[in-house]
Each structure stands twice: as C-alpha cells, then as structure tokens.
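Student: Residue 222 in the working numbering sits at position 128 of the sequence shown; the count goes up by one each step and never skips.
Possibly wrong hints are sitting among the right ones.
[To be verified] Label-pair restraints from in silico Cβ distances:
#, residue 1, residue 2, range
1, Glu257, Glu151, 17 to 23 Å
2, Ile201, Thr223, 35 to 41 Å
3, Arg261, Glu151, 35 to 41 Å
4, Gly107, Pro253, 19 to 25 Å
5, Ala205, Thr266, 32 to 38 Å
6, Thr258, Leu212, 41 to 47 Å
7, Glu153, Pro208, 35 to 41 Å
8, Asn284, Glu264, 17 to 23 Å
9, Ser192, Glu160, 23 to 29 Å
10, Glu160, Leu122, 21 to 27 Å
11, Glu206, Leu122, 40 to 46 Å
[Claimed, not checked] Here are the computed lysine-lysine pairs in the DSBU-like style, where the Cα-Cα straight-line distance is at most 35 Å:
#, residue 1, residue 2
12, Lys250, Lys238
13, Lys256, Lys221
14, Lys221, Lys129
15, Lys183, Lys119
16, Lys256, Lys268
17, Lys268, Lys250
18, Lys184, Lys270
19, Lys256, Lys238
20, Lys281, Lys250
21, Lys183, Lys129
22, Lys256, Lys281
23, Lys281, Lys184
24, Lys281, Lys270
25, Lys238, Lys270
26, Lys183, Lys238
27, Lys221, Lys183
28, Lys129, Lys196
29, Lys238, Lys96
30, Lys119, Lys184
31, Lys184, Lys96
32, Lys221, Lys238
33, Lys256, Lys276
34, Lys183, Lys276
35, Lys250, Lys221
36, Lys256, Lys270
37, Lys196, Lys250
38, Lys268, Lys129
39, Lys256, Lys96
40, Lys270, Lys119
No lab work stands behind these hints, which were simulated from the structure alone. We put the beta carbon where it would ideally sit given N, CA and C, even for glycine.
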Amino acid sequence: MKDINILIVGVGGQGTLLASVLLGKIALEEGYDVKLAEVHGMAQRGGSVVTHVRISEGEVRSPLIEEGGADVIVAFEELEAYRWISYLKKGGAIFVNSQQIKPMPVIMGQAEYPADILGFLRENAEKVTALDALGIATECGSAKAVNTVLLGAMAKELPFPKETWVRQIESTVKPKFVELNKEAFEKGYNA
C-alpha cells in the first residue's frame with residue numbers, strides 16, 4: 095500500500111474526532127504507522143473541525159497534509175467539502191454528507207450559502223460520493239452516527255478488512271452505542 099492521506103472535515107459536534115481515532119486505530123491494528131492532527135475552529139459553536147490522518151507502511155514524519163495532498167476527503171456536510179477541496183489530490187475521492195449546516199454569517203444574513211455545492215464538487219473532483227448520511231444515521235437510531243455512516247462509505251477505498259473496522263467500532267464506541275454504529279457503518283458500506 096502506498097501512503098494514504100485522509101482529511102476529515104466537519105462542524106463541531108459531528109463526530110469528526112471519533113472518526114479519526116477509529117481510522118487511526120484500524121490502521122495501527124493492520125500494522126501501519128499513523129499520525130493524526132486535529133485543527134479546531136470554534137468547534138463547540140458549530141465551527142469548522144479538520145482532522146488530518148496520515149497512514150503509511152513506512153514512517154509518517156509529519157501529521158499535516160499539504161494542499162493537493164489528500165487521497166480522500168470525508169466531509170460531514172457540504173460546505174466543509176467545498177472549503178477543503180483544494181486539499182484533494184488529482185484522482186482523489188470525496189465522500190460527502192448531503193447535509194447543509196448554515197454558518198453564523200449566513201444565518202445573520204452577512205453571507206450567502208454557496209449554491210449547488212455538489213455540482214461544484216463533481217466538476218472539481220473525479221470521484222464524488224454524496225449520500226444522505228444524516229438520514230441513514232437517523233434511521234439507525236441517532237443523528238450522531240453520521241460519522242460511522244461516512245466511514246462505512248469510505249471503507250471500500252482503503253485496504254483494511256471490513257472485520258477490522260467492525261472490531262474497532264466495538265472496542266472504541268461506548269457500549270450502549272456499538273450496535274447502532276455497526277448498523278450505521280454497514281449501511282454506509284452498502285450505500
């Protein structure tokens with residue numbers, strides 16, 4: 095496997111950090127070196143949260159992904175995918191939740207939410223998988239499982255066995271939410 099750089103982007107409270115921890119544990123279990131870097135905006139107030147996940151058979155020397163260096167972007171809502179698309183490398187893949195969370199400047203009328211973000215993403219990236227991860231997560235029993243739905247959708251892009259993903263969900267997620275997250279992962283995987 096070549097090095098894999100994954101950018102996980104979302105809004106505070108969406109579970110981006112749990113997603114990156116799960117991904118890091120999966121890569122470690124499979125024998126890879128992993129580095130994570132979390133970058134927070136006003137995360138607790140709905141601001142941007144970005145996690146860099148770098149995975150390698152060799153040694154990962156820096157935790158940060160440079161612009162144009164991400165093999166995969168996992169976006170928990172459309173605007174975050176739009177904001178971070180410049181980090182996607184040519185031929186890279188974007189997995190995006192089709193949800194729109196309006197930031198405060200848009201709510202206050204000081205800015206406009208960009209129109210047709212999914213169209214923009216499809217024009218600027220070769221592989222775009224957009225799914226209603228919020229709807230799928232809600233069907234599973236909790237809107238907070240958006241992260242696991244998106245990980246499931248992305249899992250086929252990575253060389254890790256499905257069983258490793260499930261095992262790490264079982265060992266990382268709080269026990270009362272394990273079954274819900276396993277179902278969310280499975281639905282994302284098959285979406």
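Student: Do the alpha carbons of Lys250 and Lys238 lie within 35 Å of each other, as the hint requires?
Tutor: Satisfied, since the Cα-Cα distance of roughly 22 Å is no more than 35 Å.
Student: That 23 to 29 Å hint for Ser192 and Glu160 (C-beta), does it hold up?
Tutor: 28 Å, holds
Student: Holds or violated: Lys256 and Lys268, Cα atoms, limit 35 Å.
Tutor: 20 Å, holds
Student: Checking one constraint from the list: CA of Lys238 to CA of Lys96, max 35 Å. Satisfied?
Tutor: Holds, at about 32 Å.
Student: Does Lys129 sit within 35 Å of Lys268, going by the straight-line distance between their CA atoms?
Tutor: 23 Å, holds
Student: Is 17 to 23 Å respected by the C-beta to C-beta distance linking Asn284 and Glu264?
Tutor: 19 Å, holds
Student: Would the pair Lys281 and Lys250 pass a check requiring their Cα atoms to be no farther apart than 35 Å?
Tutor: 13 Å, holds
Student: Please verify whether Lys270 and Lys119 have alpha carbons no more than 35 Å apart.
Tutor: The given pair, whose Cα atoms are some 20 Å apart, holds under the 35 Å limit.
Student: May I ask you to test the hint 21 to 27 Å on the CB atoms belonging to Glu160 and Leu122?
Tutor: This hint holds: roughly 23 Å between Cβ atoms.
Student: Is it true that the CA of Lys268 sits at most 35 Å from the CA of Lys250?
Tutor: 24 Å, holds
Student: Regarding the pair Lys256 and Lys276, is the alpha-carbon distance no greater than 35 Å?
Tutor: 11 Å, holds
Student: Quickly compare the C-alpha distance for Lys256 and Lys96 to 35 Å and report which way the hint goes.
Tutor: 19 Å, holds
Against the hints set out earlier in the document, violations occur for numbers 2, 3, 4, 6 and 18.
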